[in-house]
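There are 2 protein chains.
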Amino acid sequence: MVKPKKRIVNRFEGNPILTAEDFPGDIVSVFNCGIVKKDGKYVMVARCEDSSFGRYMWVCDSDDGIQFTPRPEPLAMPVDNPLFMEYVHPTKSYWDPRVVNLEGQYYITHAADVTNGATCQIGLFKIDDDFQTLEWVDLISLPDNRNGVLFPEKISGEYWRLDRPNDNSFDIWCSRSPDLIYWGRPRRVLSKSCLDWGERKIGPGSVPIRTEQGWLCIIHGVRRQCTDEVYSLGVMLLDLDDPSKVLGCSTRAILAPEKEYEFLGQSVNVVFTNGTILEDDGTLRIYYGAADQVVGLAFARIDDLIESCLEDSAL
Amino acid sequence: MVKPKKRIVNRFEGNPILTAEDFPGDIVSVFNCGIVKKDGKYVMVARCEDSSFGRYMWVCDSDDGIQFTPRPEPLAMPVDNPLFMEYVHPTKSYWDPRVVNLEGQYYITHAADVTNGATCQIGLFKIDDDFQTLEWVDLISLPDNRNGVLFPEKISGEYWRLDRPNDNSFDIWCSRSPDLIYWGRPRRVLSKSCLDWGERKIGPGSVPIRTEQGWLCIIHGVRRQCTDEVYSLGVMLLDLDDPSKVLGCSTRAILAPEKEYEFLGQSVNVVFTNGTILEDDGTLRIYYGAADQVVGLAFARIDDLIESCLEDSAL
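Chains as they are written, first to last, in numbering that gives the first Met the number 0: chain A, 0 to 314; chain B, 0 to 314.
Just so you know, not all the hints are guaranteed correct.
In this list, chains with the same sequence are indistinguishable; a pair is considered to hold if it fits within one copy or across any two.
Stated by the list, open to error - Restricting the straight-line Cα-Cα distance to at most 20 Å, the calculated cross-link-like pairs of lysine to aspartate or glutamate (EDC-like) are:
1) Lys2 x Asp128
2) Lys40 x Asp128
3) Lys244 x Asp137
4) Lys244 x Glu85
5) Lys91 x Asp291
6) Lys36 x Asp63
7) Lys36 x Asp241
Think of the hints as simulated: they come from the structure by calculation, not from any bench.
Take the sequences, apply the hints, and build the full model.
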């Protein structure tokens with residue numbers, strides 16, 4: 000029987016909120032972006048690309064979370080750090096920055112393309128409170144791994160992360176760490192086999208959000224539709240004290256490509272998020288890359304997302 | 000110009016030294032084996048398979064390092080450990096056990112097939128001095144990774160390992176750890192692009208051997224010859240204080256399939272080692288799996304191997 004239609008994520012009607020035209024210089028696309036709210040203002044770290052396929056992390060500021068103003072220049076890479084330069088090409092690496100405030104320090108995790116697209120590792124930066132200066136910490140995974148996301152606080156005395164090893168399984172895993180440098184006790188969190196809309200790959204999205212019911216995590220999934228892959232968003236809820244345990248995962252894709260700016264771009268049929276903001280009134284703002292070309296915004300009620308995990312779970 | 004022939008590894012003339020016939024019950028192959036020397040005797044942990052393709056780790060004892068006697072039963076897996084059972088199938092997993100004595104405790108690293116052959120992680124056991132009881136420690140890598148080898152002592156205050164992530168690069172990497180559980184600071188040690196005989200994949204072999212000149216490591220490499228892959232052995236020398244630095248790597252394959260028992264078996268054209276013993280007179284015994292079918296033994300002079308790394312380096 001067909002379930003009733005249930006739309007719990009709604010697009011901002013002015014989408015896309017950010018495009019290449021908003022940037023100075025030779026920028027041809029802006030899409031997957033991390034974001035934090037700081038002193039009531041929104042600070043976005045957007046992935047931009049130029050016509051030579053150079054990649055940049057570009058900070059954009061906003062008072063209302065809708066109108067963003069890119070700064071004059073992208074973030075400078077720590078090119079004076081030999082380790083960074085050995086592993087991470089300063090403009091050719093692959094970035095989907097996740098930004099998190101952890102014990103008062105801002106961190107950025109990103110997918111570092113260490114071998115010209117053949118393989119990827121998770122890299123960790125610190126960034127100062129003004130989002131001006133990146134400091135390279137280290138690679139925190141072996142290849143091939145991406146979609147690394149730090150939890151925003153210690154859990155049971157340890158730091159935790161989610162990631163998506165690029166093995167043949169393409170599932171979501173977690174690891175934990177005493178210090179953000181050394182990671183261990185890898186556990187599979189969610190298998191893609193649960194999700195028809197993510198039957199090829201799934202991966203962590205934005206930074207997990209603490210709720211009374213558990214860690215709410217927006218995730219992405221990839222399915223094959225005829226000849227092409229389609230990237231959609233979903234949601235899962237993890238145990239507060241042990242995030243390796245899934246309490247529920249919505250059987251539905253909460254956002255899937257259906258607008259022209261999601262269908263068409265340098266990658267077709269993609270919605271992908273690595274940044275969300277939970278407002279005090281319970282609204283979740285989901286910033287997402289559309290078709291690897293522009294940035295879109297969508298809204299959801301956090302309670303609806305939790306309910307979808309628990310009442311309509313694919314587990 | 001063709002270099003002069005230089006054979007620095009010589010097979011034992013009575014090869015193979017161990018075959019399936021030497022084992023009780025339904026064992027159809029015995030090949031890649033870890034080994035230690037303890038109180039003047041040789042203790043081998045061999046990978047065995049049965050006709051249902053069940054895998055076993057089987058301890059075999061020897062006084063002379065040539066005649067090995069399998070114990071009556073293979074090692075019992077820690078099937079009462081829920082974590083082990085969740086990730087590692089007790090008879091269907093994939094094993095290439097490396098045995099090491101680290102601070103008086105014996106450890107076994109192995110390749111744990113966590114998803115029916117699709118992907119692999121490095122698992123860590125402890126084993127008692129009598130090699131009778133395995134204790135599961137944890138998985139120490141995310142998927143997809145194998146050929147995990149622990150160094151036999153702390154280096155610059157940390158534990159170290161080599162491994163071979165199964166990304167698209169198939170290179171040799173190292174990581175370090177304060178406690179054998181949490182691992183970090185991943186570094187590429189050697190790229191397969193250096194080695195024609197390992198142009199497809201390379202990987203760590205047996206436990207690194209401390210010499211005055213550096214850590215001597217027997218490695219394996221895979222090349223494509225027409226339609227099939229060929230597994231050969233090589234040797235590299237790493238910096239004593241920082242094993243992420245390669246001092247030299249022999250441009251030659253030191254052992255490549257050339258005997259019938261290396262050409263033919265359930266895998267054709269394979270020599271692979273995960274166990275060596277350095278004798279007091281400077282002889283290195285290389286125990287190796289041949290064609291994934293039987294165990295062979297070869298001898299080398301440690302000084303010749305070091306010289307081959309330094310005088311004939313591919314770097």
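Now the hints, each set against the structure:
In this homomeric assembly, lysine 2 and aspartate 128 never come within 20 Å of each other (Cα to Cα): the closest approach is 47 Å inside a single copy and 61 Å across copies. In this assembly of identical chains, the alpha carbons of lysine 40 and aspartate 128 lie at most 20 Å apart only when taken from the same copy (13 Å versus 61 Å across copies). Taking CA atoms no more than 20 Å apart as the test, lysine 244 paired with aspartate 137 passes between copies only; the shortest distance there is 17 Å, against 28 Å inside one copy. In this assembly of identical chains, the alpha carbons of lysine 244 and glutamate 85 lie at most 20 Å apart only when taken from different copies (13 Å versus 37 Å within one copy).
Taking the shortest alpha-carbon separations for lysine 91 and aspartate 291, only the intra-copy value of 16 Å comes in at or below 20 Å, while the best inter-copy value is 41 Å. Taking the shortest Cα distances, lysine 36 and aspartate 63 sit within 20 Å of each other inside one copy (10 Å), while across copies they are farther apart (69 Å). Taking CA atoms no more than 20 Å apart as the test, lysine 36 paired with aspartate 241 passes in neither setting, with 26 Å inside one copy and 42 Å between copies.
Of the numbered hints listed earlier, those contradicted by the structure are 1 and 7.
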